[in-house]
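Trainee: Here's the letter readout for the chains.
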Amino acid sequence: MERELVALALDVLEGEGASYGDCRFVRIEEETIHMENGRVSTLKRDEDQGIGIRVIKDGAWGFAATSKLTKEDVQRTAKLAVRVANASKRLKEKDVVLSPAEKVVDTYITPIKSDPFKIPIEEKIALLSRCDEIMKKTKGVRRRRGELYFYKKFQIFASTEDSLIEQTIYHSGGYIEAMAVRGNITGERSYPGMRGHYKSAGYEFIHSLKFEEEAQRIAEEAVALTKARSCPEMVTTVILDGSMVAIQVHETVGHPTELDRVLGTEVSLAGTSHLTPEKRGSFKFGSEIVNITADATIPGGLGTFGYDDEGVKASLSYLIKGGVFSGYLTSRETAAVFQEKSNGTMRATSWAYIPLIRMTNINLLPQQGKLEDLIADTKEGIYLESAGSPSIDDKRLNYHISSEIGWLIKNGKKEEIIRRPAYSGISYEIWRNCDAICGPEEWEVWGVPNCGKGDPMQIAHVGHGASPARFRNIKIGA
Amino acid sequence: MIDKEKTREYLDLIIKNSDLEQVEGGLFYSEKGTTRFANSIIHQNMVVEEPYLWIRAVDKKRVAGISTKDFREEGIREALGKVKESIKGMKPDKEFKGLVKPPKGMRIRRSEEIEFITPEQRGEAVERIVKVAKRFNLKAFGVLHNTRFSLGVANSHGLFNYGTTGVNFVSITTMGDSASGYAMDIKKRFSDIDFTQLAEIACEKAILSKNPREIEPGKYTVLLEEPAVGEMLMFLAWLEFGGKRFYEKSSILSKRIGKRITGKNITIYDDFSNKDMIGLPFDFEGYPKSRVNFIKNGIAKGVVLDSFYAALMKKKNTGHALPQPSPAGPMPLNMIMEKGRDKKEKILKEIEKGILVTRFWYVRVVDPDKTLITGMTRDGTFFVEKGKIAYPIKNMRFTINIYDTLSRVRKISAERKLFGEDIFFILTPALLIDEFNFASKTEY
Numbered sequence: 001m002e003r004e005l006v007a008l009a010l011d012v013l014e015g016e017g018a019s020y021g022d023c024r025f026v027r028i029e030e031e032t033i034h035m036e037n038g039r040v041s042t043l044k045r046d047e048d049q050g051i052g053i054r055v056i057k058d059g060a061w062g063f064a065a066t067s068k069l070t071k072e073d074v075q076r077t078a079k080l081a082v083r084v085a086n087a088s089k090r091l092k093e094k095d096v097v098l099s100p101a102e103k104v105v106d107t108y109i110t111p112i113k114s115d116p117f118k119i120p121i122e123e124k125i126a127l128l129s130r131c132d133e134i135m136k137k138t139k140g141v142r143r144r145r146g147e148l149y150f151y152k153k154f155q156i157f158a159s160t161e162d163s164l165i166e167q168t169i170y171h172s173g174g175y176i177e178a179m180a181v182r183g184n185i186t187g188e189r190s191y192p193g194m195r196g197h198y199k200s201a202g203y204e205f206i207h208s209l210k211f212e213e214e215a216q217r218i219a220e221e222a223v224a225l226t227k228a229r230s231c232p233e234m235v236t237t238v239i240l241d242g243s244m245v246a247i248q249v250h251e252t253v254g255h256p257t258e259l260d261r262v263l264g265t266e267v268s269l270a271g272t273s274h275l276t277p278e279k280r281g282s283f284k285f286g287s288e289i290v291n292i293t294a295d296a297t298i299p300g301g302l303g304t305f306g307y308d309d310e311g312v313k314a315s316l317s318y319l320i321k322g323g324v325f326s327g328y329l330t331s332r333e334t335a336a337v338f339q340e341k342s343n344g345t346m347r348a349t350s351w352a353y354i355p356l357i358r359m360t361n362i363n364l365l366p367q368q369g370k371l372e373d374l375i376a377d378t379k380e381g382i383y384l385e386s387a388g389s390p391s392i393d394d395k396r397l398n399y400h401i402s403s404e405i406g407w408l409i410k411n412g413k414k415e416e417i418i419r420r421p422a423y424s425g426i427s428y429e430i431w432r433n434c435d436a437i438c439g440p441e442e443w444e445v446w447g448v449p450n451c452g453k454g455d456p457m458q459i460a461h462v463g464h465g466a467s468p469a470r471f472r473n474i475k476i477g478a
Numbered sequence: 001m002i003d004k005e006k007t008r009e010y011l012d013l014i015i016k017n018s019d020l021e022q023v024e025g026g027l028f029y030s031e032k033g034t035t036r037f038a039n040s041i042i043h044q045n046m047v048v049e050e051p052y053l054w055i056r057a058v059d060k061k062r063v064a065g066i067s068t069k070d071f072r073e074e075g076i077r078e079a080l081g082k083v084k085e086s087i088k089g090m091k092p093d094k095e096f097k098g099l100v101k102p103p104k105g106m107r108i109r110r111s112e113e114i115e116f117i118t119p120e121q122r123g124e125a126v127e128r129i130v131k132v133a134k135r136f137n138l139k140a141f142g143v144l145h146n147t148r149f150s151l152g153v154a155n156s157h158g159l160f161n162y163g164t165t166g167v168n169f170v171s172i173t174t175m176g177d178s179a180s181g182y183a184m185d186i187k188k189r190f191s192d193i194d195f196t197q198l199a200e201i202a203c204e205k206a207i208l209s210k211n212p213r214e215i216e217p218g219k220y221t222v223l224l225e226e227p228a229v230g231e232m233l234m235f236l237a238w239l240e241f242g243g244k245r246f247y248e249k250s251s252i253l254s255k256r257i258g259k260r261i262t263g264k265n266i267t268i269y270d271d272f273s274n275k276d277m278i279g280l281p282f283d284f285e286g287y288p289k290s291r292v293n294f295i296k297n298g299i300a301k302g303v304v305l306d307s308f309y310a311a312l313m314k315k316k317n318t319g320h321a322l323p324q325p326s327p328a329g330p331m332p333l334n335m336i337m338e339k340g341r342d343k344k345e346k347i348l349k350e351i352e353k354g355i356l357v358t359r360f361w362y363v364r365v366v367d368p369d370k371t372l373i374t375g376m377t378r379d380g381t382f383f384v385e386k387g388k389i390a391y392p393i394k395n396m397r398f399t400i401n402i403y404d405t406l407s408r409v410r411k412i413s414a415e416r417k418l419f420g421e422d423i424f425f426i427l428t429p430a431l432l433i434d435e436f437n438f439a440s441k442t443e444y
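Chains A and B, in that order, are what the protein sequence lines are.
If you read the first sequence in this note's numbering, its first letter stands for residue 1, the second for the next number, and so on.
If you read the second sequence in this note's numbering, its first letter stands for residue 1, the second for the next number, and so on.
It should be emphasised that the hints constitute simulated quantities derived from the structure, not laboratory data.
Check each hint, because a few of them may be wrong.
To be verified - Calculated pairs, DSSO-like style, for lysine-lysine (alpha carbon to alpha carbon, straight line, at most 30 Å):
no. : chain 1 : residue 1 : chain 2 : residue 2
1   : A       : K139      : B       : K82
2   : B       : K370      : A       : K118
3   : B       : K61       : A       : K92
4   : A       : K118      : B       : K61
5   : B       : K61       : A       : K284
6   : B       : K370      : A       : K414
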């Protein structure tokens, strides 16, 4: 039935004289189980479905969307999209041009071993309960949390260029967290990564996280943080764990290489970018060991898919090569500005939103060595684990990123624990000061399930392959 | 929009088809038109109608929820079947006291007629903005959102509530070489927004902000305009004014009730009924909202609650639940800061040396124990000398403790503006603040 509705929408668009149109039927199922202090405070399933219709008429864009899935409502919505395009054309300078894309008829399914929606609720709650019991044993812990999250998206994409693509994508993940309180001071620790780890995977990923093995450690670290001193203000060497490198990549490489930002279409909310077109191919963004790719093809990434929401095949491209700024994340419309083809990064949060350029998996390629060797090789500095909150200016230059925990390093050893550490600086300077990146054995594709962009705000699931890395001469402190 | 009768019909289907002890149904319907413009052209233009129908079911103190887009009776039955299946796998929640009962004498307020704004009307408004920008030789960027909502909530205790509201939001950024300016407005009625005047404000700021100078970070007197104050207060809503962190004793307010927490000139409360506020008279459990004081004349007073936290804390439910079930806890959605006596223009004249901040950007919490936040200035930051804007300055990063900052407020403006989006709003004045900490600078 959904295929028929999608085809009906395209018929209406063609009948109304559209030069291009695409239609996405999207069905999203989500399951969230959230436990706090042993009680399931949230057990929720969200089932969302609808149709989003995008059209170019007389060189201008229109979009309309509905969750009413009758033939009449789809026809009405397609006509509304055309009406919206007609309203857009009163303020256009030239016609929208799309870069060419191949006609595709295909299907894509995330390879999973265990469907997370078929695992009994009891099993999921029991896992969180076991972690809760372990964290509860540590004196001083006031609040324990655990959450599991599962996502399944089925999408039919069809366009007036005769593409027809069906995709089924699964995401799974979660976290556990302990908060300790001592007087007016709280200490919070979570596992894994940056308050959670998510992958394009099934329930097998939950098993691989081994939450129970880490629960006691994070509870003890939360208590230790309430007794730790605040981060001293100084300029020093910083080693970031893989999840923090992922956030550094996200904020200072992923967002500023989105070509829609560069061309000004996100000014009103997210801002622009310092990585302007004349810098491409020549601007020294990082040290020579810094190689960063956009890769929607790697297994397990939250930005892994078969085709983007314009029907462009998932691909790999370089954003930073040998430290030099080399490329952008593009769409069919933005790539056409430079007479290029899209590298397939257009995604919408659901049927109700217009696709935007979104990060896929933005990966810092590994070099060599283990984290323990990197710390041993560092005479003085700080090691930071688990990202807290990032902040960055609207051209993506001045950043400030906090973490849950830090350890001062002295003579190659982790020593004193530091509470709520943060580091800050100018985005290309930190990458120019990168002198070591750990190897493939430490490399992990971290999932960020809450990347915000657009207006209305769209939340995207994106990935970042990263291993721990070292940066010299970095300002730390609150 | 879905009217009261139709909303009731859908929610009754939930209650009728449930065989569990207690059940709650809610229907939030939004019809949103958005026009985004950049480089003085419209580049995204859309109309989206989106219903959100949710069910929260309770059986033997086990609580689970589901949302669906399938409004047919069989679709609702299927959703109820799934939620029942979820409940089977749960253990009783001893802290959950049951769904909220309708308070005595509860009445449904008369719903407002909310106008539908067409794509053509939005297009005309953008044309007016672009026309002004062209006059100043600048490019216009921004967004117009026109949304109308209806919300209905019913439960098996006989509670039913229904309401409607509308929001018109405009944000304008104008840009030229090394310059940007900003203006925004939020109104219930589209016709109450003066697009030409707003565009002129944004353009004048952009012209003034050309060729910004770099100044050293440090502590400065600042005049924060309303959007900047709104951004700061939003973090108090999240960190301090909700019942959950209060109950956990992880907020500062939870340890300071009845004591001084800010300067005497600060009063902040939640009140949906203020004539300049946009809000519904009840929460997502259908319970009527009460006015709640957070800070009165600098003294810590209280927090908002929903039925769960009211029962836990043995206090009166203030009607501030978010859609349930949710781990977030109750939140204020209609925050108001008391205004002062002087116009912004007069306050500016009192600044011997200081900085005028138009807006903040990417503000985040650094340390919740201290209400320590960091963020950037954006789209119009100016150095003020002897009561006048002296020159534009490059943007800077601030890192401040919110309560300490609110203890150093010298003046509060008589003008107030709404800040926020969708269902969360803050009615805020501009503030003149001493010793505001700028920690670092950026390149533009």
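Trainee: Which hints, by number, does the structure contradict?
Mentor: 1, 2, 3, 5
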